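Q: Which chain is which? The protein sequence lines are A and B, in order.
Under this note's numbering, the first residue of the first sequence carries the number 1, and numbering increases by one thereafter.
Under this note's numbering, the first residue of the second sequence carries the number 1001, and numbering increases by one thereafter.
For the record, the hints were derived by calculation from the structure and aren't laboratory data.
All clues given are correct.
Restricting the straight-line Cα-Cα distance to at most 20 Å, the calculated cross-link-like pairs of lysine to any residue (SDA-like) are:
1. A:LYS253 x A:GLY326
2. A:LYS253 x B:ARG1035
3. A:LYS253 x B:ASP1038
4. B:LYS1253 x A:ASP51
Note that the structure is a prediction, hence the values are computed from the model and not measured.
There are 2 protein chains.
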Amino acid sequence: MSAPTIADGLNCPLPIGEYDTIVLAHGGGGKLTHRLIDGVFKRHFSNPDLDRLHDGAVVDMGSGRIAMTTDGYVVSPIVFPGGTIGELAVNGTVNDLAMCGALPRYLTASFILEEGLPMPELDSVVASMAEAARKAGVAVVTGDTKVVPRGKADRLFITTSGVGVVPPERVIGHERVAPGDAVILSGTIADHGMAIMSVREGLEFESEIRSDTMALNGLVEAMFTAAPDLRFLRDPTRGGVASTLNELAASAKLGIVIDETAVPVDGVVRSACEILGFDPLYVANEGKLLAVTAAKDAEKVVAAMRAHPAGKHAAVIGRITEGHPGVVVLRTAIGGERVVDMISGEQLPRIC
Amino acid sequence: MSAPTIADGLNCPLPIGEYDTIVLAHGGGGKLTHRLIDGVFKRHFSNPDLDRLHDGAVVDMGSGRIAMTTDGYVVSPIVFPGGTIGELAVNGTVNDLAMCGALPRYLTASFILEEGLPMPELDSVVASMAEAARKAGVAVVTGDTKVVPRGKADRLFITTSGVGVVPPERVIGHERVAPGDAVILSGTIADHGMAIMSVREGLEFESEIRSDTMALNGLVEAMFTAAPDLRFLRDPTRGGVASTLNELAASAKLGIVIDETAVPVDGVVRSACEILGFDPLYVANEGKLLAVTAAKDAEKVVAAMRAHPAGKHAAVIGRITEGHPGVVVLRTAIGGERVVDMISGEQLPRIC
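The shape of chain A in the complex, shown without the other chains (with noise of 0.2 Å):
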């Protein structure tokens, strides 16, 4: 049998031939290798750069800045309700570089298959992934497979690397945040991390919960276009709303005091958080993202947020402090304060 070509691919679903599972010839750099790059990743991503199926590639960035992001997934189950671990690796490095002020542009793969992995879940994988780079408005331009005898790993973990420019006047970092900013949430906290437990743990509830991830470069530009001056962003994604907020608070020197009640939870999830133990704070999202801003530009930024459809549930959560520097704090909902502190142990193992 000759390699299959693109052509043939997109006729066939799966024209790795005889194979039906990965085998470690997959991983060996001849034939077999090619097949699976013609009849996998090629077919599901192909562009122009990646069709001349180099070790590299080379793209035109324009000149100046560039963001620079990686990213490893090993989430389990490979499969979610609302997502895949291929979704993940997409929407997490376009947003890593969306989070630098970066139009993220030019993304690369490298898969570590496990021997045994059945062709279909693998080619459903890479088919969701090129359906997240296509609606993220990323190219994945170059990549790499290679493939462990079984039991040397488990299924399939992704790599995704990725590079974005950042236009000249964008600053974001935690050095511009000030006392008196106001701190800002896209949305619903702990879908994403409750989504993986509930399949995990086998939770039933009235309703399906379901990964919240998706690419924010969209809702980035529109908070930019509201209000030019962002300070500061970044995704919660593992370790939480908690985690991140503690890195900031540590890194500028600052505290940071957030109102429990203005922070968004969905019902179903707040319920699976109580049945499971867990604090929302602390549960991983992989669609949300924690902005600081100068005050006076927050509602605005708000309100571009709420009219963007990945930040329908935008709020101010809370504000920068000069007093307890490094230190957060959170008003609850019966007018107490407590510190939400870092987290110590393992909270959610291979959540993403």
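For this one, chain A is given, so just place chain B on it according to the hints.
A: Just chain B, lined up with the frame of chain A:
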């Protein structure tokens, strides 16, 4: 215990608190993740871009085209004669960029760690990466760490990605390869693959076989200085020289003739190949390159390579032909000819 700083790190080899192995919480995004980042990654890789400790890095790339690349590393064992998985990861990414004609600049590193990995092993791998980055003149500017439960990975996987600047005048690609062009190899083949296989098989020879892992960006610059019109560059890693030449022949739709006697193979490596039944043409290299130049440039390119430590055994090993397009032919030592096909199965699992 407070989180260690870089300064602490410089005085203490493993400032990661009470843990002498990786635990799941090192991947949880909380305090232990921060301690691991400060105590191991930041300590070794320290540079101003990385030290900002964002999920992304913003770097200045000047203007124009950049090259991007990514590679996953799953080699077993992770430390072997002549190198470590970390050196492979840095040098491999540097080399993929150099093969695009780019000046490698910034790297990202994503780690997937197995619970129970001894901390000193991680530390020494990261130290070897940092040293390789210094030698190659690149900076690791951002990274990621995930931890999976025992038995869900094999010790340590690394994915490195990189960007480099492509000088405006350089165009490297199979489209530029023409009949009559010279095929140049930078040195002895099969060293890396046989170093790994000798360890796995417990073979002992009069002299140890060492991996050739090495950054080739300096060698490539020496080649461009000698002959700015280089046409094609590629490092024959997984699948060896045979696979790279087959890929070139297929994409350029031209033939290639190689002279077996011109291909340098170390004597001990050749013995190991014979004992284990490998053809050195198919065995992985991690510090060698194949180049195609106009015939008139070949002599000066080889002279420039031989004057560089990474190209001491450089030689013209063959030429591009109009005949037998897509096929690589070897003229054997005894005067015969045989087709060198692309490998079909898996010769060397987890070689890089």
